[in-house]
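Trainee: Chains as they are written, first to last, in my numbering: chain A, 651 to 929; chain B, 11 to 323.
Rather than coming from a laboratory, the hints here were simulated on the basis of the structure.
Just so we're clear, the structure is a prediction, and the values are computed from it rather than from any experiment.
Just so it is clear, CB atoms sit at the ideal spot from N, CA and C, and this is done for glycine as well.
Simulated coverage check for chain B against chain A, where a stretch passes if three residues somewhere in it have a Cβ under 8 Å from a Cβ of chain A:
1. 41-48
2. 152-161
3. 288-296
4. 303-315
Some residues of chain B that are not near chain A, with every Cβ distance over 10 Å (derived):
5. Phe66
6. Phe72
7. Arg80
8. Thr93
9. Trp94
10. Pro105
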Amino acid sequence: MSKAATSLPRTIGAHAILLTYTVIALFPVIVIVVNSFKSRAAIFRSPLTLPTAETFDLVGYTTVMAQGDFIQYFQNSLTVTVASLFFVLLFGAMAAFALSEYRFKGNTIMGLYLALGIMIPIRLGTVAILQLMVASGLVNTLTALILVYTAQGLPLAVFILSEFMKQVSDDLKNAGRIDGLSEYRIFFRLVLPLVRPAMATVAVFTMIPIWNDLWFPLILAPGEATKTVTLGAQVFIGQFVTNWNAVLAALSLAILPVLVLYLFFSRQLIRGITSGAVK
Amino acid sequence: MSEQSLEHSQDKRPTRWHIAVFLAPALLVYTAVMILPLFGTLQLSLFRSVDNVQVFTGFDNFRTLFGDPRWSASFWNALGNNTWFFIIHMLVQNPIGILLAALLSSPKLRFSAFYRTAIFIPTILSFVIVGFAWKLILSPLWGVAPNLLDLVGLKSLFVPWLGKEEYALTALSLISVWQFVGIPMMLIYAAMLSIPDEVIEAAECDGVTGFSQFWKIKLPLILPSIGIISILTFVGNFNAFDLIYSAQGALAGPNYATDILGTFLYRTFFGFQLQTGDPNMGATIASMMFFIILTGVCVYLFLIQTRLRRYQF
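I would like the entire structure built from these sequences, with the hints used as guidance.
Mentor: Right, here's the structure in full:
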């Protein structure tokens with residue numbers, strides 16, 4: 651390696667810039683979480699210090715637990731995310747297999763048609779989606795959200811998965827065919843297990859926007875019984891603007907599950923991005 | 011393809027139903043919930059509701075949007091703000107992303123996995139969290155931002171940025187940049203990793219190192235990725251809504267200074283306070299957003315992408 655790339659001042663400079671940006675990236679999150687454990691007076695008196703024995707206070711969390719239906723919201727978010735994820739992965743993998751494995755008339759057109767949704771956001775169809783959901787009686791149901799998110803996630807899933815499925819060896823599939831496996835079994839038994847890493851990447855990419863979405867819950871399912879965590883936090887914080895303990899606690903509660911999941915899957919996510927699937 | 015000849019020999023090409031079975035679920039959901047509503051929205055923009063009956067009115071809604079002074083003022087305000095929102099992202103988010111990626115991709119850098127993970131964290135948070143967190147931090151009631159400025163002796167510079175018409179939009183754009191800088195960083199990082207070592211080594215043999223290596227060797231090689239990031243930023247920005255809504259509410263205050271197309275669409279479609287919702291005008295605005303995004307995507311696909319030189323290794 652060259653001397654320039656490893657010389658000390660350059661390395662220090664690089665670390666200084668990266669460290670500064672890391673602080674910028676993490677500071678707001680840390681400030682919110684740390685202050686959520688403090689008493690009201692301490693939040694205002696010394697926002698930049700860690701909670702000490704006398705300033706430690708969980709009043710924010712007890713307020714959130716007492717007032718908001720966060721358990722219910724959390725369940726709703728979980729149901730919507732898991733169900734959408736399941737359908738995106740299953741339908742997306744099936745379509746990707748059809749597009750990458752078989753040659754048939756309209757294969758390219760079909761691929762382009764499905765890829766359209768990567769560039770054009772589904773949000774622009776909201777007016778007609780709401781009408782569709784009203785007409786089919788799905789307003790204020792989780793089904794409406796699951797349908798929308800499945801449609802939203804499919805284009806990218808098909809695109810990424812078909813790239814990966816092209817790499818599965820033809821010999822293996824043909825060996826399966828000679829052994830008399832049906833096309834369905836080849837897909838479920840041979841191909842799906844082999845593209846599992848790609849499925850995990852797609853899962854992470856699909857999951858984050860669904861969990862964080864505010865637009866569709868706000869429009870399609872604003873009812874109390876179907877609120878997602880994101881919408882629930884938004885409404886709750888709107889009502890408790892002046893109760894800083896409660897707001898900070900609600901924000902921390904909303905941050906933590908995503909953060910834990912992310913730290914759990916970050917290797918997968920980063921490997922997925924850097925493997926060139928999303929170029 | 012080998013399986014084709016295989017099938018050919020087995021039986022004389024029966025209808026391959028399995029292809030339809032594999033494609034049908036995805037196509038059905040995608041067409042019914044995404045494509046048809048998109049065209050439905052375009053169609054609705056050509057109608058007007060008179061006594062609860064949809065009447066075809068041609069381009070009247072668009073004429074109202076551009077001709078009626080109240081509508082056109084709001085529309086141009088939202089479009090202008092949205093453009094500024096996009097410009098800030100292009101000028102701040104993408105250069106920072108490229109800088110971070112360039113530093114991260116240098117070989118032998120320690121802790122690079124830690125930096126990557128940490129800098130990407132804001133990207134996974136929801137807009138609601140980001141909006142409120144920054145609203146609290148920048149709030150003059152809570153001393154975080156003034157205290158920090160005080161530490162470096164710049165307390166006099168503190169302004170309640172989100173509350174001032176002249177700063178609010180820029181402040182929100184920078185918050186959005188803070189949130190999404192991880193995406194260009196990761197994509198550029200991936201592109202830089204894919205540059206073969208031989209190319210870099212050859213450059214070093216010729217004495218091209220450091221910044222000139224970055225400008226002359228790496229930058230041209232990652233231009234296609236920068237193109238993709240630009241179009242992703244464009245689509246994301248012209249379809250943004252959540253951050254403004256959670257930080258400033260549907261009215262996009264102060265005095266509509268942070269109103270962008272997404273919040274304008276929401277207010278028009280759903281109504282707010284005294285104004286009642288208007289699905290047809292909402293559809294008209296959504297159609298305009300559709301055309302703007304479509305134009306951007308076409309410009310990228312036909313003008314920019316075809317001119318970018320791609321290098322094969």
